[in-house]
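Student: Sequence:
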Amino acid sequence: DQLRAIQTHLRRNPRIRFVWYDYWCMPQGDRSPAERVHFGWMLKNVNFLYLGCLVLILLDISYLSRFWTQMEAWLSMQLGGTDGLRPAHESLRRCTIEFLHAATSTTRSDLINMWAHRSPEEAYALLSKPDVHVTNLNDKVTQLEKVQLLDPDVRNAFTPAAATQLHTEGATVLSLIADGFSPTAVASAGIACDAALMDACASVASMAQLPDARTALRVTVLDLHGKALSTEESQALALVLRHGAPELVRLNVSGGVADLRAIGEAILSRTTSKLVSVKCNAFEVPDDASVLDLSRKGLTWGDACLLAGVMKFRASLTECNVRGNKIDSASATTLAKIGTEKGIMLYGIKHDQKEADFSGQRLGPVDAILIASDLAVSASLTKIDLS
41 DQLRAIQTHL RRNPRIRFVW YDYWCMPQGD RSPAERVHFG WMLKNVNFLY
91 LGCLVLILLD ISYLSRFWTQ MEAWLSMQLG GTDGLRPAHE SLRRCTIEFL
141 HAATSTTRSD LINMWAHRSP EEAYALLSKP DVHVTNLNDK VTQLEKVQLL
191 DPDVRNAFTP AAATQLHTEG ATVLSLIADG FSPTAVASAG IACDAALMDA
241 CASVASMAQL PDARTALRVT VLDLHGKALS TEESQALALV LRHGAPELVR
291 LNVSGGVADL RAIGEAILSR TTSKLVSVKC NAFEVPDDAS VLDLSRKGLT
341 WGDACLLAGV MKFRASLTEC NVRGNKIDSA SATTLAKIGT EKGIMLYGIK
391 HDQKEADFSG QRLGPVDAIL IASDLAVSAS LTKIDLS
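Counting from 41, one number per residue, gives the positions in the sequence shown under the working numbering.
Treat each hint with caution, since some may be false.
[Unchecked claim] In silico BS3-like cross-links for lysine-lysine, where the CA-CA straight-line distance does not exceed 30 Å: (1) Lys366 <-> Lys394; (2) Lys382 <-> Lys423; (3) Lys394 <-> Lys382; (4) Lys267 <-> Lys186; (5) Lys394 <-> Lys337; (6) Lys423 <-> Lys394; (7) Lys390 <-> Lys366; (8) Lys390 <-> Lys319; (9) Lys377 <-> Lys390; (10) Lys390 <-> Lys267; (11) Lys319 <-> Lys394; (12) Lys314 <-> Lys366; (13) Lys314 <-> Lys394; (14) Lys337 <-> Lys366; (15) Lys314 <-> Lys267; (16) Lys337 <-> Lys319.
What the hints contain is simulated information worked out from the structure, not anything from laboratory work.
Fair warning: this is a prediction, and the values are worked out from it, not measured in the lab.
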């Protein structure tokens with residue numbers, strides 16, 4: 041069951057290239073002298089893997105009684121940085137939890153409630169309890185000693201000297217901060233920080249009630265529902281979306297945005313993005329939508345710009361009807377450019393439609409731009425009436 045679960049997870053996540061599994065990767069059984077040395081070193085340092093790598097938790101009902109499983113789960117819900125070890129925001133936890141055997145969503149909730157918010161001191165106290173079982177007691181002693189040293193070890197890994205070294209190897213200021221270096225540590229390393237961008241990250245973190253600028257740069261879900269963004273706040277969000285947040289998958293700005301166009305243009309400026317779902321006051325693009333009908337929804341030029349940004353990175357979207365809205369020619373041209381590049385129909389014409397009749401409908405320049413885009417995309421349309 042475990043092997044099947046691992047195989048399924050790897051098929052779903054083809055970007056994963058390397059897998060660590062203790063039993064496969066650490067010498068087992070009778071060990072040679074060299075293997076014993078190697079094993080001892082691995083045992084002392086294996087916890088660092090769970091602080092930096094993605095972790096697949098194969099959860100069964102015995103999980104919360106075992107030492108190794110609980111320690112590894114706790115580590116996967118922690119974040120390291122200049123300020124040491126601390127609980128990761130929900131969107132930044134590196135663990136994926138899959139159920140085995142009799143485990144349920146209740147078991148999952150129990151695991152998260154038990155470990156997601158524990159400090160190193162609290163983790164040590166819980167893991168040292170006698171009812172937390174381990175096959176080899178020496179393993180427990182070794183790892184408990186390591187738990188006590190993790191916080192200072194992490195701090196020592198995020199020094200200005202380390203930032204300087206990584207920067208010389210090509211790391212950008214944003215990647216350093218996203219990976220855990222504080223802006224102060226980066227500045228102490230003599231690396232120039234963009235003050236405006238740092239202020240923007242702090243502003244977005246405050247708006248979304250995220251812990252800090254680092255979280256804003258790494259967030260996967262940004263929910264600003266119910267928050268009316270001023271022009272200044274809109275532009276701060278646009279700055280972060282333009283230069284950071286490479287892992288962002290879902291964005292909700294349905295509370296109202298003073299400068300929606302700035303946000304759309306920021307997304308459009310990116311060469312890569314994982315953004316698949318957006319919700320604003322005028323429309324919503326769900327995760328799995330392939331066909332959207334946004335005709336006569338009162339879309340403005342700002343809405344159209346945001347929509348174009350989402351369309352640019354949505355491989356599954358094939359039709360997005362925006363006919364009959366209040367967009368201008370420039371916005372229509374932006375939509376048409378993306379529609380033509382991605383093969384997305386924009387005027388309600390289906391991919392397999394052979395004829396279209398728009399006679400007597402007093403079409404304007406915006407309509408002409410969108411229809412021309414559909415004509416460029418369609419391989420089936422042979423007749424269209426615009427009289």
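Student: If a hint holds in the structure, say so; if it does not, say that too.
Tutor: Checked hints:
| no. | hint | in the structure |
| --- | --- | --- |
| 1 | Lys366 <-> Lys394 | 28 Å, holds |
| 2 | Lys382 <-> Lys423 | 23 Å, holds |
| 3 | Lys394 <-> Lys382 | 20 Å, holds |
| 4 | Lys267 <-> Lys186 | 43 Å, violated |
| 5 | Lys394 <-> Lys337 | 26 Å, holds |
| 6 | Lys423 <-> Lys394 | 7 Å, holds |
| 7 | Lys390 <-> Lys366 | 22 Å, holds |
| 8 | Lys390 <-> Lys319 | 25 Å, holds |
| 9 | Lys377 <-> Lys390 | 18 Å, holds |
| 10 | Lys390 <-> Lys267 | 37 Å, violated |
| 11 | Lys319 <-> Lys394 | 33 Å, violated |
| 12 | Lys314 <-> Lys366 | 28 Å, holds |
| 13 | Lys314 <-> Lys394 | 34 Å, violated |
| 14 | Lys337 <-> Lys366 | 9 Å, holds |
| 15 | Lys314 <-> Lys267 | 23 Å, holds |
| 16 | Lys337 <-> Lys319 | 14 Å, holds |
When the structure is compared with the earlier hints, violations turn up for hints 4, 10, 11 and 13 and for no others.
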